[in-house]
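Visitor: So the protein lines, in turn, are chains A and B. Mapping of the first sequence onto our numbering: position 432 corresponds to residue 432, and the numbering continues sequentially without gaps. The number in our numbering is simply the position in the second sequence, starting from 1, with 467 added.
Fair warning: there could be bad hints in the mix.
Have a look at the derived ranges for each label pair, beta carbon to beta carbon [stated by the list, open to error]:
id, chain 1, residue 1, chain 2, residue 2, range
1, A, 312, B, 614, 25 to 33 Å
2, A, 256, B, 652, 21 to 29 Å
3, B, 609, A, 261, 43 to 51 Å
4, B, 650, A, 88, 38 to 46 Å
5, A, 162, B, 652, 22 to 30 Å
6, B, 647, A, 162, 16 to 24 Å
7, A, 14, B, 635, 22 to 30 Å
8, A, 206, B, 613, 41 to 49 Å
9, B, 519, A, 387, 58 to 66 Å
10, A, 237, B, 613, 46 to 54 Å
11, A, 466, B, 517, 37 to 45 Å
12, A, 255, B, 517, 55 to 63 Å
13, B, 519, A, 88, 30 to 38 Å
14, A, 268, B, 650, 53 to 61 Å
Stretch by stretch, here's where chain A covers chain B in the computed footprint (C-beta under 8 Å, at least three residues) [as the list claims (entries may be wrong)]:
id, stretch
15, 514-522
16, 650-663
Derived DSS-like pairs: lysine-lysine, alpha-carbon spacing no greater than 27 Å straight-line [what the hints assert, rightly or not]:
id, chain 1, residue 1, chain 2, residue 2
17, A, 263, B, 518
18, B, 650, A, 162
19, B, 662, A, 162
20, A, 91, A, 77
21, B, 662, A, 80
22, A, 50, B, 470
23, B, 501, A, 91
24, B, 529, B, 518
No lab work stands behind these hints, which were simulated from the structure alone. Here a beta-carbon is modelled for each residue, glycine too, at the ideal position from N, C-alpha and C.
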Amino acid sequence: MPNTLYDKIWNDHLVDQQTDGTALLFVDRHLVHEVTSPQAFEGLRNSNRKVRHPKLTLAVADHNVPTTDRSKGISDKESKIQVDTLEANCKEFGIKLFGMGDKRQGIVHIIGPEQGFTQPGTVIVCGDSHTATHGAFGSLAFGIGTSEVEHVLATQTLVQKKAKNFRINVEGKLPLGVTSKDVILQIIGKIGTAGGTGCVIEYAGDLIRSLSVEQRMTICNMTIEGGARAGLIAPDEKIFKYLEGKPMSPKGKNWENALEYWKNLKSDDGAKFDKEVNLKAEEILPMITWGTSPQDVITIDGKIPNPQNEKNEDKKNSLERALNYMGLKPNMAAKDIKIDKVFIGSCTNGRIEDLREAAKILKDKKIASHVHAMVVPGSGLVKEQAEQEGLDKIFVNSGFEWREPGCSMCLAMNADKLKPEERCASTSNRNFEGRQGRGGRTHLVSPGMAAAAAISGSLDDVRKYQN
Amino acid sequence: MQKFSTLKSIPAYLPIVNIDTDMIIPKQFLKTIKRTGLGKNLFFEMRYDDKGKEINDFVLNKTPFNKSKILIAGKNFGCGSSREHAPWALLDFGITCVISSSFADIFHNNCFKNGILPIILNDDIIKELSEYANRKEEIFVDLNEEKVIYGNNEVRFKVDPFKKKCLLEGLDDIALSLNKFKKIESFEKDLKSQKPWIFND
Chain A
1 MPNTLYDKIW NDHLVDQQTD GTALLFVDRH LVHEVTSPQA FEGLRNSNRK
51 VRHPKLTLAV ADHNVPTTDR SKGISDKESK IQVDTLEANC KEFGIKLFGM
101 GDKRQGIVHI IGPEQGFTQP GTVIVCGDSH TATHGAFGSL AFGIGTSEVE
151 HVLATQTLVQ KKAKNFRINV EGKLPLGVTS KDVILQIIGK IGTAGGTGCV
201 IEYAGDLIRS LSVEQRMTIC NMTIEGGARA GLIAPDEKIF KYLEGKPMSP
251 KGKNWENALE YWKNLKSDDG AKFDKEVNLK AEEILPMITW GTSPQDVITI
301 DGKIPNPQNE KNEDKKNSLE RALNYMGLKP NMAAKDIKID KVFIGSCTNG
351 RIEDLREAAK ILKDKKIASH VHAMVVPGSG LVKEQAEQEG LDKIFVNSGF
401 EWREPGCSMC LAMNADKLKP EERCASTSNR NFEGRQGRGG RTHLVSPGMA
451 AAAAISGSLD DVRKYQN
Chain B
468 MQKFSTLKSI PAYLPIVNID TDMIIPKQFL KTIKRTGLGK NLFFEMRYDD
518 KGKEINDFVL NKTPFNKSKI LIAGKNFGCG SSREHAPWAL LDFGITCVIS
568 SSFADIFHNN CFKNGILPII LNDDIIKELS EYANRKEEIF VDLNEEKVIY
618 GNNEVRFKVD PFKKKCLLEG LDDIALSLNK FKKIESFEKD LKSQKPWIFN
668 D
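Here chain A stands alone, though its shape is the one from the complex (with noise of 0.2 Å):
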């Protein structure tokens, strides 16, 4: 029988399938961070367990880090507290731990694929919704709870049920001034917030396979807000180039048989799919959101919408909500709405073709004189290579602060975060009421599109600015 990606991997990781289709799935690849980990170590020393695997586990602090000056350390306490936690942790454990002094810190989900730890064919978990974006090397990668993070630490497997196989097809090619941050935003608007609820989504069709490593990494990463745990593509030579080299890839002999494995997922052909979605690239516009979720979005040239229209009396409520929260009015444009912040970072987009691309348009440019923009590198990694193609100073010339590394204002729980009624073009991922600090107003945008956002002072379209 044809089997999908999923299906493959799904099959190749099973170390017990019981009757009723629960079972327990063997786990690669284990990150760990500051924020969903206390609690799972603490309940292996209350049991007096192990860490089954350290090898195949990986930890970084990035929720809570400053991202400026760090010679002094932490100074929030429950933060600094929460940080040593996971230093203490990972060295009574033997977990390997990048720490803040350590330049290859970062943002988890942008570490593990600049190691080599993030590769095709495995399954990987952590602590975190965001695990998705994995995916985009072909390997089933997904969030979880604390609880979970405690079983795979012990026993390096998870309890699972087999999800439904769900493919989205995009075809053809974008317009200039559009990526793949707006693939993702056309995605969910069109299939909603719980569109993909107990599915893996496999993005497939020639846009995707045209997309770079770190295009594609953006498209899996917001699988989640899709409502799907995880989103993969089949992994090519692209990925193979990518991963060739890193430090924590296979080397020699190990390589050569690696590869060959690699190169065999992928979805056969006839495969069954649950679902299946159609996209024309051609039609995708720069995107952004303007209410308080991932699916309420619009093109650059939309308009606010009306609750008026709205007939069904629940989403007409949800309306009026976000538009309130929004501090907007039906029927505005797009192009009018005033923003006092930008956001340029994330696991969504704070890697380096996220900052070329903001930088492209930045370049020679000022940002407007009442916006308060920053760029915060996905990782130290990141930040270095920034700095050597000389990106930090297009960004700091034309009015950004340029920061340390780590997941920053995407949800404010370092010091970065919106006051309330402040708006924010953002290149992170979620838009929800207070998730960028209380009472504060997210627009998610793609890297580009929040640059002109900086220079206009309001949201404004990044083709505007493209040569």
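Place chain B on chain A using the hints.
Guide: Chain B only, in chain A's frame:
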């Protein structure tokens, strides 16, 4: 883990769709290294004003809903971040059953690890049940029988048999999985010979 078998309570009704885990427990409370003590911060931004004072007309601030053990809410409950702090906060507040027409996957899983029963029912039934919240009448949940009893009516719900067993018996699923150590060891042995690169050997 605390067992779950039956539950009787006046339900609290929160008629909002897509309630995300940031709403359930905002990030400033994720800095804890404990599982307990989060109940006072449940739905923090809807529950307290800028000065930290309780907002009177928020449902969980009102009697008798401040003692509700059952929460009824709009579809796609628990979407967003994987934070288990969300079920920990519900549990610490005293809510051990959430009823919605759909749940986000990770939140749904996390509930079962903490003795919380998430029940999926269709929108019509949820409307009926919400009337019990409005009238401040109790409803009854029976996990073993997989039904909710309200007034003279009852409705069946479905729950995964393995998860049901774990909830009813309060089982630690790590211990259950460790009982399969022979299967895990044999899997690892095969893996080492077939895909040695996984172990970086």
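Visitor: Now tell me if each hint is right for this structure.
Guide: Results of checking the hints against the structure:
1. A hinted range of 25 to 33 Å holds for the C-beta pair residue 312/A and residue 614/B, which are about 29 Å apart.
2. Between residue 256/A and residue 652/B the beta carbon distance is about 28 Å. The supplied range of 21 to 29 Å therefore holds.
3. In this structure, residue 609/B and residue 261/A meet the distance hint of 43 to 51 Å, their C-beta atoms being roughly 49 Å apart.
4. The beta-carbon spacing between residue 650/B and residue 88/A, approximately 33 Å, falls outside the hinted interval of 38 to 46 Å.
5. The hinted range of 22 to 30 Å is satisfied by residue 162/A and residue 652/B, whose Cβ atoms lie roughly 24 Å apart.
6. Distance hint check for residue 647/B and residue 162/A: the Cβ-Cβ separation is about 18 Å, which falls inside the suggested range of 16 to 24 Å.
7. For the pair residue 14/A and residue 635/B, the beta carbons lie near 26 Å from each other, so the given range of 22 to 30 Å is met.
8. Residue 206/A and residue 613/B have their C-beta atoms about 47 Å apart, which keeps the hinted 41 to 49 Å range intact.
9. Against the hinted window of 58 to 66 Å, the Cβ-Cβ separation of residue 519/B and residue 387/A comes to about 43 Å, which falls outside the hint.
10. For the hinted restraint 46 to 54 Å between residue 237/A and residue 613/B, the CB-CB distance of approximately 51 Å keeps it satisfied.
11. Taking the beta carbon of each, residue 466/A and residue 517/B are about 42 Å apart, inside 37 to 45 Å as hinted.
12. For residue 255/A and residue 517/B, the Cβ-Cβ distance of about 57 Å falls inside the hinted range of 55 to 63 Å, so the restraint holds.
13. For the hinted restraint 30 to 38 Å between residue 519/B and residue 88/A, the CB-CB distance of approximately 32 Å keeps it satisfied.
14. In this structure the supplied range 53 to 61 Å is violated for residue 268/A paired with residue 650/B, their Cβ-Cβ distance being about 28 Å.
15. Against chain A, the stretch 514-522 of chain B contributes 1 residues with a C-beta closer than 8 Å to a partner C-beta. That does not satisfy the three-residue criterion, and the hint is violated.
16. Evaluation of the coverage hint for the stretch 650-663 of chain B: fulfilled, as 7 residues show C-beta separations to chain A shorter than 8 Å, against a requirement of three.
17. Only pairs whose Cα atoms come within 27 Å are accepted, and residue 263/A paired with residue 518/B is rejected, the gap being roughly 58 Å.
18. Simply put, residue 650/B and residue 162/A have alpha-carbon atoms about 19 Å apart, close enough for the 27 Å limit, and the pair holds.
19. Pair hint residue 662/B plus residue 162/A holds up; C-alpha atoms about 23 Å apart against a cutoff of 27 Å.
20. Distance hint between residue 91/A and residue 77/A is fulfilled; the C-alpha atoms sit about 21 Å from each other, no more than 27 Å.
21. As the CA atoms of residue 662/B and residue 80/A are separated by approximately 39 Å, the hinted pair breaks the 27 Å bound.
22. Taking the CA atoms of residue 50/A and residue 470/B, the gap is about 26 Å. The hint holds against a cut of 27 Å.
23. The hinted pair formed by residue 501/B and residue 91/A meets the criterion: a straight-line CA distance of about 20 Å does not exceed 27 Å.
24. As the CA atoms of residue 529/B and residue 518/B are separated by approximately 19 Å, the hinted pair is consistent with the 27 Å bound.
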